[in-house]
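With chain E's structure known, arrange chain V on it following the hints.
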Amino acid sequence: MLSGWGRTAPSAASVTAPGLPEVVSLLVERAALAPRRQGLVARGMGRSYGDAAQCAGGLVVETKHLDHIDPVDPDTGAVRVGAGVSLDALVRAGLAAGWFLPVSPGTRQVSVGGAVAADVHGKNHHRDGSFCSHVSSLRLATPTGTHVVGPDDDPELFWATAGGMGLTGVVTEAVVRMRRVETAWMRVSTEQHRDLDSLMAGLERADARHGYSVAWVDCAARGSGFGRGLLDAGDHAEVDDLPPRRRANPLVPPRRTRLRMPPLVPPRIVNPLTVAAFNEAWFRKSPSRDGQVRHLAGFFHPLDAVADWNLLYGRRGFVQYQFVVGDKHRDLVRRSLEILHGVGAPSSLAVLKRFGPANPGPLSFPIPGWTLALDLAVGPPELRGALRRLDEMVAEVGGRVYLAKDGRLEPRAFRSMYPGLPELLAVRRRVDPDGVLQSDLGRRLQICEDAQP
Amino acid sequence: MNDAFGRPDSVLVLGGTSDIARALLRTLVADGSRRVVLAGRNPEALAEAATETKEAGAEFVASVAFNATDVDQAGAVVDSCFSAVGRVDLVVVAVGLLYDDEADGRNPDRVARCITVNFTWPAAALSRVAEHLREQGSGRIVVLSSVAGVRVRRANFLYGSAKAGLDAFARTLHQTLAGSGASVTVVRPGFVRSKMTEGRKAAPMSTTPEAVARDIIRGLQNGAEVVWSPPPLRLVFSVLRQLPESVWRRLPM
Chain E
80 MLSGWGRTAP SAASVTAPGL PEVVSLLVER AALAPRRQGL VARGMGRSYG DAAQCAGGLV
140 VETKHLDHID PVDPDTGAVR VGAGVSLDAL VRAGLAAGWF LPVSPGTRQV SVGGAVAADV
200 HGKNHHRDGS FCSHVSSLRL ATPTGTHVVG PDDDPELFWA TAGGMGLTGV VTEAVVRMRR
260 VETAWMRVST EQHRDLDSLM AGLERADARH GYSVAWVDCA ARGSGFGRGL LDAGDHAEVD
320 DLPPRRRANP LVPPRRTRLR MPPLVPPRIV NPLTVAAFNE AWFRKSPSRD GQVRHLAGFF
380 HPLDAVADWN LLYGRRGFVQ YQFVVGDKHR DLVRRSLEIL HGVGAPSSLA VLKRFGPANP
440 GPLSFPIPGW TLALDLAVGP PELRGALRRL DEMVAEVGGR VYLAKDGRLE PRAFRSMYPG
500 LPELLAVRRR VDPDGVLQSD LGRRLQICED AQP
Chain V
567 MNDAFGRPDS VLVLGGTSDI ARALLRTLVA DGSRRVVLAG RNPEALAEAA TETKEAGAEF
627 VASVAFNATD VDQAGAVVDS CFSAVGRVDL VVVAVGLLYD DEADGRNPDR VARCITVNFT
687 WPAAALSRVA EHLREQGSGR IVVLSSVAGV RVRRANFLYG SAKAGLDAFA RTLHQTLAGS
747 GASVTVVRPG FVRSKMTEGR KAAPMSTTPE AVARDIIRGL QNGAEVVWSP PPLRLVFSVL
807 RQLPESVWRR LPM
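Respectively, the protein sequence lines represent chains E and V. Numbered per the working numbering, the first sequence spans residues 80 to 532. Numbered per the working numbering, the second sequence spans residues 567 to 819.
In isolation and in its complexed conformation, chain E is listed as follows:
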């Protein structure tokens, strides 16, 4: 049984984990010949929150053994890696020589293939764009053969794959351009903001001054403190920024994650009481301060401190709702928090960020504006209806929901959020005329209509 990180809607499939890209190519090309064609999809580290990397009744191709990392080109920072390489492994391989990820999502526990398929973004999107803007080529196994594509080489297929959730083929290898860093440390300033307007204004100011920025919103606070939060902004530190004792070895790698959850799934630890207490504590422990020096790992990947924190949400699991709307529609940030409060389902963790320009990927999530990510435990009976209302409001103003986080969007809303969908479907007809590439997400959103009679 496979499920996403949110542990909702599991399904069963045959699972295989080939060690060679050639075997992946064969599997994908032969999939159309299988007597009971039930589809095929790639799976990296299973960190999509919903049903993107599962394919009920079909074949799931795990990429974990495609794990080679070539040396980083010392001049350009380009590195050729297998699709199953985790960003954690890539950081460890590159950091000693002064190379860091060009784009870093909230966890290092995602594969390069998954980072491409979801076109992941990080705290530097406003300056540097999303992951695929730093990929110079992909090796992609499709039912009609294996292609090597890049932004200048079959750009339609390349960009359809960027954020395409694995529905254009199985990525087996990628060339990623890494970023040069002098140290493994960040210069970080933290600001406490008493309400949402102040927080959002702070984020706008920070974007102009810093390479990285993000805000955490306390969704449990009500009244005048509604939407209060912390703003973290940072830049890579140079050797001179470090305290003297750190200067001898400025490129220390991240510590290994040691904490794990106990083996038995505990009852739901995340509940309104613990959420309020946690948010209060987090807010208070972080007074405003400027220019602290923090390690990359703590700044970029706070969630990696506990290996399987998703178990905190108990048996029913959780969904994450992440949307983006243009600058003109920033009021939706407040409205969404109010709506969830209204149905008694305040988010346990909310992260706010501004995006810069989009890339050409038809299913790539980021567009310029405000993005808010909300972790929501499954349970409150009105939550599903509230999210459907939010879908409508987001779609209405030309915004969209992030598919890598999604497990519940409906086809109609999806189509209006992603007007570029026909481009993806055209690419699918070209490389996958029989509709072999399928996932539970693709079926749910009617991208894989060929699965229907």
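Since the hints were derived computationally from the structure, they do not count as laboratory data. Remember, it's a predicted structure, so these values are computed and weren't measured experimentally. The beta carbon of each residue, even a glycine, is placed where N, CA and C say it ideally should be. The reader is advised that the hints may include incorrect statements.
Stated by the list, open to error - To be clear about the criterion: a stretch of chain E counts as covered by chain V if any three or more of its residues have a C-beta under 8 Å from a C-beta of chain V, and this derived list gives those stretches:
{"hint": "1", "region": "82 to 88"}
{"hint": "2", "region": "135 to 143"}
{"hint": "3", "region": "221 to 227"}
{"hint": "4", "region": "389 to 400"}
Here is chain V on its own, set in the frame of chain E:
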């Protein structure tokens, strides 16, 4: 596919004209289920239920007629339902008929028919449904049992013993499906005021088809294996089940 909240895209209802099934469908379709197959005995009632489902917003509705006394045909009926809609995310088994225990209980043919309609046919159909869902690697089954089957009482012993059989069958089927991607939820409503119970005196804690539908939907979201409707019946029956036979048979029900 079922979404993160356990809401299905496509639904098959065996016994699609039952009041509980129709109430459940109205809610599911209003909430986004798009494709529905209705299977039932009476073609006119089926057509009516199909129209209602379309009006509630379903994009595709198919109907299949069957007779729950033709046990040999159960597998074929299920096959034709699946081929009408393709992948099925939720199968609701709502086949059943109440019998008059005073008169029917003494007639061997009617006893056999009651057990066939309420237990044998649904069980045969369920085994084929389970095969389809195993192959799909996903799907939920909702089986309408009854508190009448939890501890069978004299006043309702034909229907009750058939439901007791179905309840046990469905609960165990769930275990055999572990790891297959499919699962079974058994629903145990109390006295439901519906066309099936028309003319009968309502029992305490009676409920409505709409309320049962709401409880089922909550159960699907929570991944419940057993849904009591109304939920407090679970407590009531945890006591009733323990009563000694000498007390049980004296209870005025």
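Next item on the list: Against the earlier hints, flag every one the structure doesn't satisfy and list their numbers going up.
Entry: 3
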